[in-house]
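Chains A and B, in that order, are what the protein sequence lines are. Under this note's numbering, think of the first position of the first sequence as 1, with each following residue one higher. Under this note's numbering, think of the first position of the second sequence as 1, with each following residue one higher.
Calculated from the structure, these hints are not laboratory results. Worth double-checking, as some hints may not be accurate.
[To be verified] Heads up, incomplete: computed chain B residues facing chain A, CB under 8 Å, no partners named:
{"id": "1", "residue": "Pro101"}
{"id": "2", "residue": "Ser104"}
{"id": "3", "residue": "Ser108"}
{"id": "4", "residue": "Arg109"}
{"id": "5", "residue": "Gly201"}
{"id": "6", "residue": "Leu202"}
{"id": "7", "residue": "Gly231"}
{"id": "8", "residue": "Arg232"}
{"id": "9", "residue": "Pro241"}
{"id": "10", "residue": "Ile242"}
{"id": "11", "residue": "Glu315"}
{"id": "12", "residue": "Arg322"}
{"id": "13", "residue": "Asp324"}
{"id": "14", "residue": "Val326"}
Owing to the predicted nature of the structure, the values given are computational and were not obtained by experimental measurement. Ideal Cβ positions, reconstructed from N, Cα and C, are used throughout, including at glycine.
Listed below are the residues making up each chain.
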Amino acid sequence: MKYEAVIGLEVHAQMLTETKIFCGCSTKFGSEPNTQTCQICIGMPGVLPVLNGKALEFAVRTGLATHCRISEYSRFARKNYFYPDLPKGYQISQYELPICEHGFVEIVTDGDVRKIGITRIHMEEDAGKNIHEGGAYSFVDLNRAGVPLMEIVSEPDIRSPREASEYMKKLRAILRYLGVCDGNMEEGSLRCDANVSIRPAGQKEYGTRAEVKNINSFRFVEKALEYEIKRQIQLVEGGGKVVQETRLWDAARGMTESMRSKEEAHDYRYFPEPDLVPIAVDGKWLDEIRASLPELPDAKRKRFVGDFGLPEYDADLLTSERPVAEWFEEVVAAGAQPKAASNWMMGELMRLLNEENRPIDECAIKPEQLASMLRLIDAGTISGKIAKAVFAEMYRTGRDAEAIVKEKGLVQISDQSEIEKAVDDVIAGNPNEVGRFRAGEEKLLGFFVGQVMKKTKGKANPRMLNDLMKKKLGG
Amino acid sequence: MELSGLGIHDLIKMRDKGEVSSGEILDSVYGRIDRVESKVAAYVTLTRDEALKMAAKADREIAAGRGKILSGIPIAIKDNMCTKGIPTTCASKILHNFVPPYESTVTSRLIEAGYVLTGKTNLDEFAMGSSTENSGFHTTRNPWDTERIPGGSSGGSAAAVAADECIAALGSDTGGSIRQPASLCGVVGMKPTYGRVSRYGLVAFASSLDQIGPITKNVTDCALLLNVISGRDPLDSTSAPIDVPDFMADIGKDIKGLRIGVPKEYFIEGMDPEVEEAVRAAVRKMESLGAVPVEVSLPHTDYAVATYYVLATSEASSNLARYDGVKYGFRAEGRDLMDMYMKSRAEGFGAEVKRRIMLGTYTLSSGYYDAYYKKAQQVRTLIKDDFEKVFRDADLVLTPTSPTPAFRMGEKSDDPLKMYLADIFTISVNLAGVPGISIPCGFTRDNLPIGLQLIGRHFDEATLLKAAYAYEQSTEWHKRKPAL
């Protein structure tokens, strides 16, 4: 039987506010344990939370960017449970009336655009961290306690691990465009839990779902889901039943493991937080936020396809990071042909940047410099092949293409007679191969071209060389 | 009369004329404490050294012409309000060693106004109770009869004021915890409108009901103290962004034509006849001063106690979750984390606190939430509506504060339900969020104080104070002192 997976994701995004959600402590990552705490975030008796307006603004920005309805009236709730990293014995979260509801994001898989629904986005505070170093006691670091989070809950609209991964990427792109989250899964500023079920293809009803927790890297989103789907299919095909439970992804062993069953699930005893007043969102303020939103990945993608004639694939990739998209637009603005610019950026530039994990805004090459280089290729001054070497040099030094080409004498030989002479020399020097070619071994063309390139140090105009070589060999 | 027997405004007058120094006032108060505290046991912590420093500072400031309204006035603080560097225990074993590194907003305002802290007063553990018998340390005695309880939960503050062990005090009131002990100790106690006074630094019992207020020897002092502690606080989101009037402004104005609602639901069977008589006499007295009594109805009164015990315990079960032995306070050693949690809370909390945590945990549980918590919130709205309707026909409501005068120690401590009914007349006020004040209105044949309660519109403490003052000035009740 063929099965279909049904996946919904709960994503926790740490907001990039300067201070915590309910007190004035810094949110900086990586400080000495318990140095970024005060009586409020460590839950001392008698203290009260006061909402950080920035956190509200960030959640609203995210809601607007994901086509959500922003609630006019929203409120916080307490989620009660005991754990040492939760100083108050409850987490201030939102429950019945979240700040954002009913949105969607668009993902592109295999060139198709699909909408994934967003059920809700709510604000909450992060917990601290337990530290186990062996010995009779464990330690608690509360620096992270009270750091603002957004929980972004998707509809069960995702149908494959690949789509889940694309959804995560798109969400991350949106959050980063907005500047509300750095999207770093490895450092835990973006976390993902998945609700997974399977059903026979064509069936309308959902199957029993398992929640998979601890998917803490982009690499693992697909892996964990693939494992879990396979597990459920095997279970069902073996005559078993999927049970509702929480499972933990174990990256080292590449599998999910049961953590607790439905019966063991916590009763969080949610109730409205009496220490905070309900949030009434002002229409004028909302308009201001809306007006201040940057152009978002989807809009940019559509524009890149529409205005620049880029394929969906290129447009999707180039718009996944705002600085990359902006860099691209600057190249085009400097006169470059969009598809050529896209090819160079997605090829050479990304390869070089990825090699040393360097962000594009720290790239030595400026967008106009790439545009100038592309002009040299167009004008036939350098060949595409030479351009690669020139580009590597530009990347290393930040110098202009013209200067490098001039200094190293890399100007393309487009002089008919000069190329012809080299072609004649090569034909004369390899009679054996000429015979074989003429006997039908046509793939030897590459050999002859290569020999000429060697002689001309790669500077021969490839198109002219090819034409000439074919003509001469054929003759 | 000794200085310790005077009120705030009397002492201010003398102080401002240079007749008395802060040091002398404090000496008198501490002299009184030394003589009677062993009988009353109003305090959990006496802060004599701190008080001496604060009085000396007040005298220096007065000498330099920088005296403030409360400079040199010794005031006691209920031990559930955080005082920086001074133990704040909530009369609970679980916080027996807790010293806050921060000051509550109310005490910060008192410090700015120049007050002198006499000490931290006893209460029912975490303010849960009506007699101080639930204190984790000791029971405070009623200064009028030391075999009897002072009321609660602010029993320590009310007893300290009544016994002249301070000039005034702060209490907190979740279901009557200021007004009921004030009534039983023969002093003035006010629960302001919810949101009038910042709760920052008040150890939470039930966040949507808790409110801090003054306990004083007379109505004028109540107004004076309320002036100092009221107002919006950026540290408390639930403190109201509403202007604070000068509460002294209407003191002394007449109450001619003031409509006083007398709710029929508050004169119930089982009520002490002497209390009823005193309160009815007070209504007649007000009438003689020009007020107009009107019979009114608060039809949902019967549901108030049940509603209160669902909501207050729900919030309490969550508010008290932080006392887990991990970060501060009492910790019992355990085999593992769960064992440590269970033992710390089992040994650290007293029986009543545990009873309420269990009750509140139950009412918030999935499957019960709608039947209890949600339903109680709906009834709360009806109770609030009752008051809104009444305030169309009346400017304030007059009721007894407590159905009985002070009861004997141990009389109700084995029967929680009986104890809960001690707050039957005060609880609705917290549920509705309106202000209420208790003032002395008589004595029983056994010489036990009786109090009456005036209830006002939201943020209309001024009318309460005006009426309370007019009544007080036409009687002598507030001038009586217990014979300790």
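Hint-by-hint comparison with the structure:
1. Pro101: Result: holds, 6 Å to nearest chain A Cβ.
2. Ser104: holds (6 Å)
3. Ser108: violated (12 Å)
4. Arg109: violated (15 Å)
5. Gly201: Gly201/B check passes; min Cβ-Cβ to chain A is 5 Å, inside 8 Å.
6. Leu202: holds (5 Å)
7. Gly231: violated (15 Å)
8. Arg232: violated (12 Å)
9. Pro241: Given a least distance of 10 Å, the restraint on Pro241/B is violated.
10. Ile242: violated (13 Å)
11. Glu315: holds (6 Å)
12. Arg322: Hint on Arg322/B: holds, closest Cβ of chain A at ~5 Å, below 8 Å.
13. Asp324: holds (6 Å)
14. Val326: holds (5 Å)
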